[in-house]
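Colleague: As they're listed, the protein sequences go chains A, B, C and D. The opening residue of the first sequence carries number 2 in our numbering; numbering runs sequentially from there. The opening residue of the second sequence carries number 2 in our numbering; numbering runs sequentially from there. The opening residue of the third sequence carries number 2 in our numbering; numbering runs sequentially from there. The opening residue of the fourth sequence carries number 2 in our numbering; numbering runs sequentially from there.
Keep in mind the hints are simulated off the structure, nothing from the lab. Small disclaimer: the values here were computed from a predicted structure and weren't measured. Treat each hint with caution, since some may be false.
[Unchecked claim] Computed footprint of chain C on chain B; a stretch qualifies when at least three of its residues, placed anywhere within it, have a C-beta under 8 Å from a C-beta of chain C:
#1 154-166
#2 257-264
[What the hints assert, rightly or not] If the Cβ cut is set under 7 Å, some of the chain C residues that face chain B in the computed set are:
#3 VAL132
#4 ILE162
#5 ILE234
#6 ALA242
#7 TRP243
For every residue, glycine included, the Cβ atom is placed at its ideal position computed from N, Cα and C.
The primary structure of each chain is shown beneath.
Number of protein chains: 4
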Amino acid sequence: MTENSPAARLEARIADRRARIGVIGLGYFGSRHARIYADHPIADLVAVCDRDAARADEIGRSLGAQPYSDFRELLARPDIEAVSICLPDRLHVEAAVAAAEAGKAILLEKPLAHDTPSARKIVEAVEKAGVRLMIGHILRFDPRYVQVYEAATPEKLGEPIHLRAKRNGIRSVAARLGPATSILFYMGVHDVDAMQWIARSRISRVYAQKRQVLGTGNEDALYAVVNFENGAIGQIDYSWAWPDGLMNGYRCALEIVGTQSAAYLDCTDQGFYAVGEATTGADTHLWPEINGRITGDLADELNHFVVAVRTGRPFIQRYQEAFDAIPVLDALARSAETGQPVDVAR
Amino acid sequence: MTENSPAARLEARIADRRARIGVIGLGYFGSRHARIYADHPIADLVAVCDRDAARADEIGRSLGAQPYSDFRELLARPDIEAVSICLPDRLHVEAAVAAAEAGKAILLEKPLAHDTPSARKIVEAVEKAGVRLMIGHILRFDPRYVQVYEAATPEKLGEPIHLRAKRNGIRSVAARLGPATSILFYMGVHDVDAMQWIARSRISRVYAQKRQVLGTGNEDALYAVVNFENGAIGQIDYSWAWPDGLMNGYRCALEIVGTQSAAYLDCTDQGFYAVGEATTGADTHLWPEINGRITGDLADELNHFVVAVRTGRPFIQRYQEAFDAIPVLDALARSAETGQPVDVAR
Amino acid sequence: MTENSPAARLEARIADRRARIGVIGLGYFGSRHARIYADHPIADLVAVCDRDAARADEIGRSLGAQPYSDFRELLARPDIEAVSICLPDRLHVEAAVAAAEAGKAILLEKPLAHDTPSARKIVEAVEKAGVRLMIGHILRFDPRYVQVYEAATPEKLGEPIHLRAKRNGIRSVAARLGPATSILFYMGVHDVDAMQWIARSRISRVYAQKRQVLGTGNEDALYAVVNFENGAIGQIDYSWAWPDGLMNGYRCALEIVGTQSAAYLDCTDQGFYAVGEATTGADTHLWPEINGRITGDLADELNHFVVAVRTGRPFIQRYQEAFDAIPVLDALARSAETGQPVDVAR
Amino acid sequence: MTENSPAARLEARIADRRARIGVIGLGYFGSRHARIYADHPIADLVAVCDRDAARADEIGRSLGAQPYSDFRELLARPDIEAVSICLPDRLHVEAAVAAAEAGKAILLEKPLAHDTPSARKIVEAVEKAGVRLMIGHILRFDPRYVQVYEAATPEKLGEPIHLRAKRNGIRSVAARLGPATSILFYMGVHDVDAMQWIARSRISRVYAQKRQVLGTGNEDALYAVVNFENGAIGQIDYSWAWPDGLMNGYRCALEIVGTQSAAYLDCTDQGFYAVGEATTGADTHLWPEINGRITGDLADELNHFVVAVRTGRPFIQRYQEAFDAIPVLDALARSAETGQPVDVAR
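Working from the sequences, and respecting the hints, build out all of it.
Modeller: Here it is in structure tokens:
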């Protein structure tokens, strides 16, 4: 068939119905992205990349994808239309800019970047290249958070008075991640984004205190009080200091109280308990593996990315909203360093 | 293009990648099936049917599907490959047999049928026609139930000692459904299937008592004690008598205790609360509508059906397992009538 | 002072303001009774008794009470006005009859007796002697149960439709108690009493199934469906088979649904969690030891006994109500043996 | 009998065994204090006082106590040994100083006073008069808080890393109390005391933000981050802005994470639910009224006071610890006013 024959055009249309995807970075999240794409009805996982070539080989083989250890080689493939970037925070800017320049649609695991200047570079590269960018803010796909968001419309809630967000994890995760990230950029970005989204307002001023005594290589905890542009006050509670025996491995919550009503969520109870030498739980929301597949919020997020890429539908979160969390994290870091309130520089 | 031209064959392959589906019965569940298919990456909702022609028209128009008021006309369309049947229990046998005879793959909302002879007719029709049949046992797609199932392997659990299942709803639902179903076939089939699946054993003997004083047109409650073939004992707690103010509108639970370990789930806490004149909840698991779409267990179930139909992969539940619940429901009904223990006739 | 001098009479009045109490049986509960009396503002723990003389000596010394190893010697002391009997079930009848004959006010730990004939003997001895008898039904002093009781008045609840009670414990307790009791008389009596109290009606017919495979020397589990005289149906869920790692060591619940409203309690969440190698809980209701004292339901129960003995006020539960639970337990045992429904013999 | 006759001395000893008590202030808490004393085995409620003479008459009559509308008259009675002071915060100093000068043992409802200078005056008056003073910090008698305290010994917890306390109530209470108190002195004192007690360390620096838009006459919410002398960081979450439909009317929690382990409590679930037009709860811990009496934490607190007064035993909390909360509240108020971190002046 020649390139312009009707048959060739039809063949192209067949191919075109499926999204050809590569995954860059095969750690905890990247390997899950790869598995989800490999199982998606209209995605083809065609390539995976990790600087650990053996890991890339193994995952590539098991999922039928070409392995790479250099993401630039993966990005050079013209048949790949979209990529998930699941690298450590500090490597986001280089990979995301390269992906933009290569013309790929990008699903970039949160945080957008590890500081405001890097975030800006990514946004500029994306806008210059005219490619699509979605940040992996999984809470936007968590029914509990979305229910709070929908209960907090101005019509129902009135004016927001105060919001509180909690995200606590266990110390072995802090030790495992080491200097690859920080409590603010690993955990904090979730809740800063969620609070601004749900409050329909941005954070303008912050005050934070932190601790670092466990020696995990990361902060143990960071507590903050924040102000929103609309007058609401907020409270943030991040910890990576919980003992590893914490039920389900994490605790998170969010609440918003308005002049007319209020709404809250609490993830402590996941609805499932196993009882042996102790009582333990299991994930039933984020990325539970059931029936041999990864389901839940992460699968829904990746499905949204694939479908939006294929259909041209808008992402439910514009990247500008994700960007808006980064200066808040920078301000929180500065406040925790100086012990003084800090205005968010936008 | 002629039918055998290369272009026609390619066009056919394009079409072939998508499942062309019809939905029969547009009540609470049928309308949700229709919306989920209409939004699915590889499903085309091509037809909907309700004996209320106006309802079929309205839903068909909003979702871009051809409306029918006679399911036999829908089934006569050769381009429709698969159907969801979401009719009242007593109408299952006629529609399912017709769908089988029309050669369609069938997703039949639970229960398989409203009694054992009808269930047998459906199974025979399906086997004779050589079509595929999946029963809508949504708990097989609920992470909480699947986590219990996976915690209850013989290696982990040892021998099952006892199991308890609870499914309670509100009285206005009982009144709304009226004589279209019964507490056993509407609620009970969920848990009889789940208990037999999780216990890896079938129920062999039952004893039940029921109440009917609220005047909803349905039973208010049915309590039972059952025996499993493997020696385990079980307890079943069905109620449709809760006041409508019940948080989230339902309560369900399942637990299994074995010689080595135990596991349980409880759906009371859905993790989300809205506070106004009272504190209320919202669905975060079954079929939550978030971001303008229906997600959760029901969406995952329909995705499984579509993908399995397209790829030829097996359904995670064989219809024989679904069939195995029906004689238990019949026995429970008989015991509740007679006040005596009843052996399950298989 | 002579015995009839005014000073002697006043001295007697001083003594009289305090209840002089002995505790018979110093196991798990008896030792707690002793500690609570020793700390009570108007009780004097004057004697303790255990057939293990060393244990009686040790506890007597630590609490300033005279130790006995023969309860008849303790009962022979005329200065002791009231006794707690905390012996194994099968020894209740002998000790309670002796205490009645000795003219003591009696707090008899539940169950009243280990079968209906024994219960009858105790009641007859008490009535003949004209002494006061209170059964240690601690749930009557648990705010959660009393709140359900008060929410279930006919005015609020309407007519009871169905009730469910759950009491589950861990297997090591079953093994520790061995043949000294049974699942019905140790656990079951709590809920049979509570259900009849809250339903304002007695159980008239029962059906039960049980398991005994763990080899603890006790039943592992007993499931039952029951009928009440007022038409309500009930469900009972007893287990001693849970692994020892069960959070808080027990699970209990009770719910009642009526024609107008409903109420329920669940003891799974005690409000307190400790996190180390696992997440565990602690008692915050039954008999928590806080600030160096035993508080909670058990302390409130014993306070009620002491004050009622001193003031002549009626006990909140008449012993006839406690008696009414025993024939139900007998019927449940018979049904579990025969596999047939059994009418309760009153 | 003459005053020194043996009979008179014995009569005095009889009387002496009971604590003769007056209650000053008969609002929400004072009326409960009065009822609890009236029912206590060794307390005699002899007098009650409210500036609303009709209210004093009514409560006095119903409980058999002499009514007063001027607390100085009540304090002038030499037969009254101890008083509960349950007045609005700002009136504490005058009444408590007068009670001290009158030689009474004092149970002063929290907060000790409405600012640091007033607290100091009370302490000085108590020390000068040599009377006993207990502050009504009810959390010291709540099993959930005491369990956290006992789980947080240095041996178990290691070094405290971070603590969080939450106390949220409904807006109608804020409106009812009006200017009689403030969010910090009504709610805040509970948690500042509890945090310092459980952390075994005092708060040294604070930062707070508050809101006041609902127009209840009180603050709607106050969020703070604090530092402890031992290096721990803390977070405080006070709100009076929740809609009145909040389940149980309040939400509170406390958690502490240390270098070795962690512990937390959450009061959201009280274990009891009533279901009618909505699902509601009821108090099962603080001061539940069951069996016609007030039980729970408040009753245990007042029992502790009575017994300690009668026996001379020490109070479980020294008033100096209660005093230590007041400068923190002052600092929080100042920080919320100025928007700057404030060092606690001790």
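Colleague: Could you run down the list of hints and mark each one as holding or not?
Modeller: Each hint tested on the structure:
1. By the rule of at least three residues with a Cβ nearer than 8 Å to a Cβ of chain C, the coverage given for the region 154-166 of chain B holds, with 4 such residues.
2. Residues of the region 257-264 of chain B lying with their CB closer than 8 Å to a CB of chain C number 5, which satisfies the three-residue condition for coverage.
3. Given hint, VAL132 (chain C) at the interface with chain B, is violated; its Cβ is 40 Å from that chain's nearest Cβ, farther than 7 Å.
4. Interface hint status for ILE162 (chain C): upheld, as the beta-carbon distance to the closest one in chain B is roughly 5 Å, under 7 Å.
5. Hint status for ILE234 (chain C): holds, given a least beta-carbon distance of 5 Å to chain B, under 7 Å.
6. Nearest Cβ of chain B to the Cβ of ALA242 (chain C): about 5 Å, under the 7 Å cut. The hint holds.
7. Because the smallest distance between the Cβ of TRP243 (chain C) and any Cβ of chain B comes to about 6 Å, under 7 Å, the interface hint for this residue holds.
Taken one by one, the earlier hints fail for this structure only at number 3.
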